[in-house]
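Kindly produce the complete structure, drawing on both the sequences and the hints.
Top line first, the protein sequences correspond to chains A and B. Going by this note's numbering, the first residue of the first sequence is number 1336, and it counts up by one from there. Going by this note's numbering, the first residue of the second sequence is number -11, and it counts up by one from there.
For the record, the hints were derived by calculation from the structure and aren't laboratory data. In this text the structure is predicted, and so the values were computed from the model without any measurement. Since no wrong hints were added, every one of them can be taken at face value.
Output of the computed footprint for chain B on chain A, the stretches with three or more beta carbons under 8 Å from beta carbons of chain B:
#1 1565 to 1576
#2 1646 to 1653
Just the calculated beta-carbon pair ranges, DEER-fashion:
#3 A:Asp1349 <-> B:Gln73: 38 to 48 Å
#4 A:Gly1587 <-> B:Glu94: 48 to 58 Å
#5 B:Gly293 <-> A:Gly1587: 30 to 40 Å
#6 B:Glu107 <-> A:Gln1548: 55 to 65 Å
#7 A:Arg1654 <-> B:Thr92: 51 to 61 Å
#8 B:Ser121 <-> A:Val1488: 40 to 50 Å
#9 B:Ile345 <-> A:Lys1544: 23 to 33 Å
#10 B:Ile345 <-> A:Gly1550: 26 to 36 Å
We put the CB at the ideal spot given by N, CA and C, even for glycine.
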Amino acid sequence: MRFAFTEDQVAFRDAVRDVLAKECTPATVRAAWAGGGSEDAWAALGAMGVLGVLAPEAAGGLGLTAVDLVLLLEESGFAALPEPLVEHGCVAIPLLDGPEPELLDGSVRVTAPFHHDTVVPYADHADWFLCFDAGAIRLVPRAAVELEPLESVDGARRLARVRAPDDAGAVVADGSAVKQAFERGAFGTAAQLVGLARRMIEMTVEYAKGRRQFGVPIGSFQAVKHHLADARIALEFARPLVYRAAWSLTRGDADASTHVSMAKSTASDAAVLAARRALQCHGAIGYSYEYDLHLFMKRTWALAAAWGDAAWHRDRVGRAIL
Amino acid sequence: MDLSFTADEAAFRDECRAWLEANVPRGLPSGDTREGFARHLEWERALFDARWAVVSWPEEHGGRDASPMEWLIFEEEYYRAGGPQRVTQNGIFLLAPTVFAFGTREQQDRILPRMAAAEDLWCQGWSEPDAGSDLAGITSRAARDDGAGGWRLSGQKTWTTRGAFCTHLFGLFRSDPDAERHRGLTYFLVPLDVPGVTVRGFGRLDGDEGFAEVFFDDVFVPDADVLGEVHQGWRVAMATTSSERGLTLRSPGRFMAAAARLVDLWRERGDADDASARDDVIRAWIDAEAYRWQTFLTVTRMTDGEDLGAESSLTKVFWSELDVRLHETALQLLGTAAERDESGWMKGFQFALSGPIYAGTNEIQRNVIAERVLGLPRA
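Shown next as structure tokens:
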């Protein structure tokens, strides 16, 4: 038993962290609300191989695993990256037999609905759509679908309902591969939620150190400390379950779906708690639209529910253990 | 990353399991009563005779040189087999790490084998009537006696777990009354049968005589029984707190076993239509798993030489509050039967309620997390 990442995995994470700090700032996320793209971030991730982590080397991917991908997904959550990284890199790529180079280098995007729905995020910039239908997944090009834009609490998500003719595109998965795709989506989203929780805790710690009331930093007050300590504890105990789910998916563990559900339920709860505590410790500034906190809170609310919410996943754990 | 157990680890688990399943005693009375304690000592000595008492210690002191991962495996198997809480725990889990880190060779040879064999039984003398969470506020004194080559202790310790049944106490005393609070403390090792020591047991919440107050009236302690340097007791003691808060005192195996019992209780008595209770059972199970995997992550980091420092406070809050929730859920499933406590859950619940208080209250732990893990300013 050795529960740690390799030096290479940590170095890859650090490189992605640096790139996203530069290419996916809060201003980038705000721009996505207005329909702006984060082309530079997506292209940079493509150039670094992030989109093809799970693609075979023969097809130009890195031929790596969910264990190699999990820290990168966490970073994309930390940055609130307004791109379909989970849908594209985590759900779609492993379904494709030798994905085209353009799917790996950041020139195009695949998006996917979560949980057998027809609602997809990041729809307006997507080139391909995964459509779940009658126990199969089809890969459908933009030209063959109709998109009906929908509101999202997180405007950067740019939701749309997808309609595609029954025979559009090609079947890329059926049977157990459909279930596997769902597991990867839930797992990837859990990893992003862990990153979001970390981001909101960091932002709030910085704010609480600097904001002064009654002549002292508010972070010196025990009530504020305890709010943040609770969020930090929740993060501490969600993270290992997410990493363990990565391992179980990689190994094809017979209980992988239970492990994914433990990860997603715990990560959803941890991020929602972090959002709540972050807002409370910020006070009115956090409640202000101009301030960046809401970008991360709203992503958290969206992702906490996506791919099965905490209650749904706990129920699934219950069906396995009770 | 490799989350499968190695062949050696699996073999170690098999060996633990076989021995424990054949030897763990059933239905021992509470170890926090005089009669119960004696029965527990028989069990502790059986563990020692089979070299299972202190698996992580060096062989020369009665252990097996087990790795931290093997120690966790032992703990999982111990509680899985229904093993009782260790009445020797405050010695083997709290004092021993400090003796290994700060003790002289002579002290190690004198203290550790008898501790492992449950011949000497150690209690922790930290809290005082006016110093609980504010441990550095202790006032029990140690006065220098150069002529006799040692120190004279006076004062009172209290809420000393199983103090009435133990033979020795490790504790902090103020050796330099003029120094700032955290300085000027010295860590002493005191036999409880020496002149001037008076021990009075008293009841805990559940009525068992699990607590004691210990009075010191000019008690002589030779220099050989000072642990670490004189006036450095705070630093020496903090090494023990991180063991106490962290994984050694309350390893995941204990909560995994409790969660498994809760699942059994649900199967036996749960109402499938009670979605809220069902969710609480599942949550307890997932939290026990989270603690297990967080511990594997932590132990791997320790094995790699990382110092975890204040992070043990994250762990302490988590397991203690998990334990309370888990027992509350069991009581809910039992309904009015909980009052009669034929199953022991009510007794366990009362014990669980001590978790957020002992080893530094969870309020103190949250301060530590905020200040030393997150970096928020001190008040």
